[in-house]
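A.B. asks: Given next are the chains, with one letter for each unit.
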Amino acid sequence: MNFAFLQDFGTLGVLLLGAVVCLGVEGGLYGSRGDRGNLSRYLALAFTALAFLAAVGFWRSSLGPAPPDVEHGSFLVDRFALFFYAAAPAAAAAILLTGADLEGQLDPHQPLYHSLVLVSTAGVMLTASGGDLLTLLVGLATVSVPLVLGSALRKVDTGAVRSAGRSLTVTGALLATFAGGEAILAGLGHATQLTLLDALPPSPLLGLAVLLVTVGVAGPLGAFPLTWWRPGATQAVPLGPSLAGLALGALAAAAALLRLLPGALGAALPGWNVTVGVVAALTILIAPALAWRQRSLLVAVGYLLVGDAALVLAGLTWSSRPATAAVLYLVLGLVPVVTASLGLIGTVQLSGAGDGIAQLRGLASRSPVHAGLLALLLAAVVGLPPLTGFFARVMVVESTLQAGLGWLAVAVVLGAILSAAVALRWVLALLDPQAEGQPLELPSRAALVGLGLSVAALAGFTVTLGPLMGIAARAALAPLAGP
Amino acid sequence: MPSDVSLTLIVFIPLIGAMVIALLPVRTDLERFRVRTGALLATGLPLAIAIFDLLGEVGNPAQGAIAQPSIDAPWLRGFYFQLDYHLGVDGLSLMLLFAVTAVFPALVLASWRMRERTRSHFALLLIAETSLAGYFATQDLMLLVLFFWLPVFPLALLVGSGSRPGAREAGRRLLVTQSLGAAALLVAALLMLLQTGNTTFNFVTLSTVGPVKGAPGLIVAGLLLFAFGARMAIFPLQRWLLDGVAAAPTPVAMLLAVSSFPVGAYGLVRVLLGMDPRGGLQLVVPVLLLAVLTLYWSALRAVGERDLRRATAGLLAGSSGPVLLGIISFSETSLSGALWLAFALTFIAPLLVLAIGAVADRGGGAEVSAIAGRAAGADRLKLMFAVGAASLGGVPFLVGFPGVFQVVVGSFAEHRFITSAVIVGMGLLAYAAWRVGTGPFWAPGAEPELADPIADSRGSEFYAGWWLAAAAVVFGITAGYFVPYTVHGTDLVAARVSSMAPAKVPGK
Numbered sequence: 001m002n003f004a005f006l007q008d009f010g011t012l013g014v015l016l017l018g019a020v021v022c023l024g025v026e027g028g029l030y031g032s033r034g035d036r037g038n039l040s041r042y043l044a045l046a047f048t049a050l051a052f053l054a055a056v057g058f059w060r061s062s063l064g065p066a067p068p069d070v071e072h073g074s075f076l077v078d079r080f081a082l083f084f085y086a087a088a089p090a091a092a093a094a095i096l097l098t099g100a101d102l103e104g105q106l107d108p109h110q111p112l113y114h115s116l117v118l119v120s121t122a123g124v125m126l127t128a129s130g131g132d133l134l135t136l137l138v139g140l141a142t143v144s145v146p147l148v149l150g151s152a153l154r155k156v157d158t159g160a161v162r163s164a165g166r167s168l169t170v171t172g173a174l175l176a177t178f179a180g181g182e183a184i185l186a187g188l189g190h191a192t193q194l195t196l197l198d199a200l201p202p203s204p205l206l207g208l209a210v211l212l213v214t215v216g217v218a219g220p221l222g223a224f225p226l227t228w229w230r231p232g233a234t235q236a237v238p239l240g241p242s243l244a245g246l247a248l249g250a251l252a253a254a255a256a257l258l259r260l261l262p263g264a265l266g267a268a269l270p271g272w273n274v275t276v277g278v279v280a281a282l283t284i285l286i287a288p289a290l291a292w293r294q295r296s297l298l299v300a301v302g303y304l305l306v307g308d309a310a311l312v313l314a315g316l317t318w319s320s321r322p323a324t325a326a327v328l329y330l331v332l333g334l335v336p337v338v339t340a341s342l343g344l345i346g347t348v349q350l351s352g353a354g355d356g357i358a359q360l361r362g363l364a365s366r367s368p369v370h371a372g373l374l375a376l377l378l379a380a381v382v383g384l385p386p387l388t389g390f391f392a393r394v395m396v397v398e399s400t401l402q403a404g405l406g407w408l409a410v411a412v413v414l415g416a417i418l419s420a421a422v423a424l425r426w427v428l429a430l431l432d433p434q435a436e437g438q439p440l441e442l443p444s445r446a447a448l449v450g451l452g453l454s455v456a457a458l459a460g461f462t463v464t465l466g467p468l469m470g471i472a473a474r475a476a477l478a479p480l481a482g483p
Numbered sequence: 001m002p003s004d005v006s007l008t009l010i011v012f013i014p015l016i017g018a019m020v021i022a023l024l025p026v027r028t029d030l031e032r033f034r035v036r037t038g039a040l041l042a043t044g045l046p047l048a049i050a051i052f053d054l055l056g057e058v059g060n061p062a063q064g065a066i067a068q069p070s071i072d073a074p075w076l077r078g079f080y081f082q083l084d085y086h087l088g089v090d091g092l093s094l095m096l097l098f099a100v101t102a103v104f105p106a107l108v109l110a111s112w113r114m115r116e117r118t119r120s121h122f123a124l125l126l127i128a129e130t131s132l133a134g135y136f137a138t139q140d141l142m143l144l145v146l147f148f149w150l151p152v153f154p155l156a157l158l159v160g161s162g163s164r165p166g167a168r169e170a171g172r173r174l175l176v177t178q179s180l181g182a183a184a185l186l187v188a189a190l191l192m193l194l195q196t197g198n199t200t201f202n203f204v205t206l207s208t209v210g211p212v213k214g215a216p217g218l219i220v221a222g223l224l225l226f227a228f229g230a231r232m233a234i235f236p237l238q239r240w241l242l243d244g245v246a247a248a249p250t251p252v253a254m255l256l257a258v259s260s261f262p263v264g265a266y267g268l269v270r271v272l273l274g275m276d277p278r279g280g281l282q283l284v285v286p287v288l289l290l291a292v293l294t295l296y297w298s299a300l301r302a303v304g305e306r307d308l309r310r311a312t313a314g315l316l317a318g319s320s321g322p323v324l325l326g327i328i329s330f331s332e333t334s335l336s337g338a339l340w341l342a343f344a345l346t347f348i349a350p351l352l353v354l355a356i357g358a359v360a361d362r363g364g365g366a367e368v369s370a371i372a373g374r375a376a377g378a379d380r381l382k383l384m385f386a387v388g389a390a391s392l393g394g395v396p397f398l399v400g401f402p403g404v405f406q407v408v409v410g411s412f413a414e415h416r417f418i419t420s421a422v423i424v425g426m427g428l429l430a431y432a433a434w435r436v437g438t439g440p441f442w443a444p445g446a447e448p449e450l451a452d453p454i455a456d457s458r459g460s461e462f463y464a465g466w467w468l469a470a471a472a473v474v475f476g477i478t479a480g481y482f483v484p485y486t487v488h489g490t491d492l493v494a495a496r497v498s499s500m501a502p503a504k505v506p507g508k
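Residue numbers (our numbering), protein chains in the order written: chain U, 1 to 483; chain X, 1 to 508.
Next comes chain X alone, as it looks inside the complex:
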C-alpha cells in the first residue's frame, strides 16, 4: 500500500524542482548543466518513488477496484461545495500515473541540448509533470479540474516561444482550444454538483450518487466530451495538436503528445462514464461516429501530408479512434483496453515524435521531399520509429497490442460494424505510418551517400529514445502482469453504466 506521502511527493517534487530551477543562473555552460541535472533529478525522484512505492500494487489485482486513500484532508468548507486534498490511485489511474513519472526523465534527456531558454523550458516542463501527475493521482473532481487546467498556459508558452514559423499562432490556438476545454470541464463539474444536490467533489461520492438526469445530464456529458475530446484531439478538434507538433521544438512536441491522449482518455472513463453514465449512454451514437471519423480523417491526413511532423501528429490523433470505441463500448475489457492504449500512447507518442523530429531537425526541415531517404543510415532513429509505429499498429509483444486487442474483443459483441470499421481504419493508420517512415528512412532510390545524410541519434537524445522504446517493449512483454489490475479498476465504472442501461452493456 502506498505510504501517506508518496503521492504528494510524486506530484510536488517536480514543482519544487521548477521553483528551484527558476532561481538558478544560466549564464555559463556549467550553470546550464546544473539546470538540466536539476531537472533530471526532479523527474527521476518521482519515478523512483513510483517504482518502489506504487508499482507493487499491481501484484494484487483485486485492489485495482479500490482507490488507495493516501491522503484525504479537508481543504475548503463553508461554500456550496467542499474541497478536499484527496490523493489516491486505483486500477484506472495507477498505470497512467506511473507512465507519466516514467516518461518525463526521457523528456528531460530529449531537451538536454537545448541552449535557448534553458531555464524557462525545464521549469515549465516540470510544472507540466506536476499537473499530469496530480491529474492522475487526485480523487477529487475539483482538483482534477485544477490539474487539467494547470498545464495549458505552460504548454502554450512552450509552443508559442518556438522559433519555427507559426509557433505563436500554434501557441495561441492551443491556449484557446484547451482553455475552452478546461472551462467546459469546470462548468460540467459545477453543473453536476448543482443537479445532483451534492456538496462534495469526492470521486467515490460522485460515482455512487444518483446521476444527472434528462437534458442537464446530456449537457454535462456534452461538455465533458468536448473537454476531454479536445485534449485527445478527436475530430474536428485536432488542429491545435497538428500545428503545435509542427511548430514546436521536438522536446516540446513530445510533451504535447504526452499531455494529450492519456489525459483525455482517463477523463472520459473516470468522469463521463464514472460520474455521468446516463449522459454517456445518450452519447453512444455520436461518440461512435466521432471514433470512426477521428481514425479515418487523421489517417488520411497523415497519408496525404507532406510535412512529416504534422503527419506524425495525424497518426497519433488517429489512435484516439480506437480509444473512443473502447470507452463507449462500456465493457470492462474494452474500458481496460482504452486505458491501456492511453498508457501505451504515453510512451509511443513521444517516441514517434522524437524519431521524426530528430530527422527533421537535422535535415533542415520536415518536408518529405527535402529529407527523402537521407536518414537511411540512421539505424537507431529507424529502430525507434519502427518500434513506435509497430506499437501503434498493435503488433504483438509491444505495448500497444494489449490495448488494441482488448478494445476489439470488448467492443465487437456490441458494435460489430463499427468495430470492423475501426479494424480497417487501424490498417489505414498502419499504412499511413509506413508512408511516414518510408519518406526519411526507406525512400526507394535514395542513396545516403548521394544526398547530405542525416546523422544518427546519439548522446542524450539516444538515451531518451532508448528509454521510451525499451518501455514499449518491456510493457508489451509483461502486459499480462499489469492488465488484470487495470481490468479490476474498470469494475465500478462498468457496473455503474450497466446499472443505468443493462440492455446496452455486454457481459464480461
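The shape of chain U in the complex, shown without the other chains:
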C-alpha cells in the first residue's frame, strides 16, 4: 500500500486534526472549564510545532536532484508550497503566543478560536498548493472566513458582532471580486488550470481581471481602495482574530498572487505589473498619511502595517526568481512584525492604560520594558535599519527598478519616510519625561515568550538574510517555472 499521500497531505492533516481536538476542548471533552483556554492553546501550539517539523522534514527531503514536485490534481506540493507549509505553522505559533493575553476578550471560547486559527493556517497551505483558480479561491476563503467568524466571539460586546458582520460582508465581497477576476481569466483561457493561463489571447479584459484579482486578494490586508477600512475594523473587533487575519492573510495573499501573477500570467500579459504597481503605490502612500493623523496607536500601527503589506504587491511587479524570493523574505519578516506589534499594543490597551497618545505619553519612565519594546517594534514596522524590514524594502526597490517602474520605487521610499515620521511622533511621546501615570504589568509568560521570539526574529532575519534568501530562492523556482 502506498502511504505517500500521508507525506503529501500530512502537514495539512496535522493542523486539521489539531482544529478538531481544540473543538473537542471547546465542547468539554477535555479539561475543566476554567482551564480550557490554556489547554487548547498548548494543544494548538503542539500541533503547529508538529506541522512545522513535518514541513521542514519534507523540505529537506525535496532538495535532491530528482524533481520534488508532487501533484494531486490541482493540489501541488512543490518547494513553493513547502515554504508556506513551514511559514504558516510558525506564524500560527507566533499568533497563539503573542496574542495569548488578548484571548480574554473571547472567553470562554478560546478553544474555538484556536481551532479557527488552525483551520485558517491550513487555508494558507491550501492556497500555496493551489494549482488552479478554484483551489486558490477556496484556499483564500479558508484563511479569511474562519477568522472573521472568530471576531464575533466577544459575547460581552454586541458591537463586535455587528463589526464582525460588516467584516464578513466585506470579506465576502472581496472573495467575489477575486472570483470575478478569476472568471474572466477562466473564460478567456477556457481553463482553470494555472499552467494553461500562460497562453491567454490578448484582450482588454485581462487588465480588468488582474485588477479584480489584486484587489480581491490584497483587499483584506487594506490595499487600495480598502485602505481606510482595515485599521478601523481592527479597532472594532477583538484583537486576536484581527492580528491572526493580518499575519495569515499576508502569507495567503503572497502565495495566491505569486502563483497567479508572475507564476501563471507573467508571460501572457506584459503590462499587468503596472496595474499591480498602481494599487501598491496608492496604498503605500495613503496608509502612512492616514496613520499620521491618528490618536490611537493601534489604528496608527494598523495603517503602517497596511503600507508594509502593500510592499508585497510592489515586489510582485517583476517576474523573476530573485524578485519572488524577495517577496517571500518580505512576507516572512512581516509576520513577526504584525504579531509582536499588535500583540503588545493589545496587551497595553487591555491593561487599562489605553492606546491613545495622551495615555501613552511618558510610558518610558513608568514602564520602560513596554516603552522599549514598543519603540523597537515601531522601528521594525517602518523598516528602520538594521531590522528585517529595511532589507526587504531595499530588495523591493531594486525589483521595481528592474521592472522599469521608477515611480513605484519613489513611492516605496516616500512611504518609508512618511512612516518613519509617524513612528518618531509616537516614540517621542513614549519618551516624554513630564507625563505621569501608573506602571503597567508585564505581559503573561506566554506572551513574553512570543514577543521575545518575534523580536529575536526581527534582528535574526537580518543576520540570516543570506540563508533565508537562499531558501526563498529555492522556493521561488516553482511558481515561475509553472506548476
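One or more hints might be untrue.
Here are the simulated distance ranges between beta carbons [unchecked claim]:
| # | chain 1 | residue 1 | chain 2 | residue 2 | range |
| --- | --- | --- | --- | --- | --- |
| 1 | X | 28 | U | 53 | 43 to 49 Å |
| 2 | U | 404 | X | 370 | 57 to 63 Å |
| 3 | X | 27 | U | 356 | 22 to 28 Å |
None of these hints come from the bench; they were simulated from the model. Glycine included, each C-beta is placed from N, C-alpha and C at the ideal position.
Knowing the structure of chain U, use the given hints to seat chain X on it.
C.D. replies: Chain X in isolation, oriented as in the chain U frame:
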C-alpha cells in the same frame, strides 16, 4: 595590519553596550552612574583597539592606497545583487574611523551630568557610534547605505526629545531631511548597479568597472550630491543642522556636528568620485557654486545671528565650503585636504558646540544680549573656544591647518578665481567666529562682576573639552606623520577621475 576581528569589535562593541545599557535600571544615582560608566567603557574599548591595532598603519604610507581586508564574508547571494560583510580601512577612511572612536568618549563625558532619559540618551549615543564607525569601516556600498541610514532615527529622537522650544520640529526636520538623503543614496546605489550591470557592491569592484554614462550618470551623481550634501549641511540644506544644534541639549548638538561633516565629505570622495567619476565631472560647476554659496551664506548668517548656538552651527556649516572645493578639484592634494578637514571637524565641531553650549546652558539662554560678557571669567571655556575657532580658521600647528592648506594649494591651479573667493570666505568665517566668541567671552564694556557671571567648565565637561582641544593641538603638530597616509589613500580616486577627463585634472 589590523587583525581579523578588530574592525568588527570597533563597530559592534558600542552596539552591545547600547543593548546592555537599555536593560539597566536607572532609578537611583548609583544606577545612573553605572549607565554612564558602561557607556564610557563601551566607547573607550573601541578607542583602545583603534590606537593599538589600527593607528600603526599610518607608519607605512604606501599602504594607504590599499584597503586592508580584515573581514570579507558573503552575506546575501541569489538576489540581483550580492551583499558582503566586508570591513577594511585605507587612507580614505582610517583617520576618520580613528576620529570617531576618539571623539565618542568625549561625548559621553559631556553627557555625564544628564539626569533625564539617561538610559535612552546613552543607548542612542552608542548606536550612533556604531553607525559612524561602521560607515567608515565598511568596504561594501550597501553596508555603507545601511550605516548612513542607521543614525537618522536615533539622532531625530535625541533632538526631538529635548526640552527647548522647537525641539520636536527640529527632530522632525532632521528625520525628513536625512531620510530623504539616505533614500537618495539608496536609489543612487541601486541605479549604479543597474546601469553598470554589476552584481556586487564591493568598493573595489565599483571603483574599477566602467562608470555610469550619460544621463543616468548625472542622475546618480545628483542623488549622491543631495545625499551627502544634506548630511554636510551645504546650501540650501542647512536648516536641519541649525535648528537641531539650537534646540538640542549640548551633548546631542555635539553629536549632530560629529555625525554630519565627516560623513558627507567621506561619502562624496568615496562614492561620488570613486564610483561615479563621470557624473562627478559633470557636476564641477554646480559644486563649485555650492561651495562658495555655502561658505558665504553660512558665514553671513553666523555674523548676523543673535542666537549663539545657531551662529555656531552656521560657522560649522560654512566649513563645508572649503571641503567641497577640495573634493571637486580632484587632485590628490586637494582631496587629501578635504578629508583632513573632515577629520579636523570631527574634533573642532563638537569643541565649539561644547564651549558655546556650556555658556548658553549656564547663562540661561543663547541670545547674545543675555550673556554678553558674562563668560569673561570662564578661562577654560574661553580657551576651548579659542582653540576650536583657530583650528577652524586654519591657524598653523592646529588640526585644521593641514586641511585648509592642502585644499588651497591643491585647488588653486585649477580654480584660481573660486579658490581666491574661498580664501576670502575663510576670512569672513574667521570674522564670524570672532563675533561669536566676542559676545560671551570678550564683549567690550561688560564687567563679569556687574552681571551674573557664568561659571567656568569643570568636572566631566572640562575633561570632554580638554580631550577635544588636546586632539586639535596634537593632530595639528603631528599632521606630517599622518597626512602622507591620507594622500596615498586618494591615489586611486584621483587616478580614476584623471582617467575620465585628463584635461580637467591638474598634476600632482
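A.B. asks: Now tell me if each hint is right for this structure.
C.D. replies: Structure-based check of all given hints:
Taken as a hint, the range 43 to 49 Å holds for the pair residue 28 of chain X and residue 53 of chain U, whose Cβ atoms sit roughly 48 Å apart. At about 58 Å, the beta-carbon gap between residue 404 of chain U and residue 370 of chain X stays in the expected band of 57 to 63 Å. Distance hint for residue 27 of chain X and residue 356 of chain U: a CB-CB separation of about 27 Å, consistent with the stated range 22 to 28 Å.
Consistency note: the structure conflicts with none of the earlier hints.
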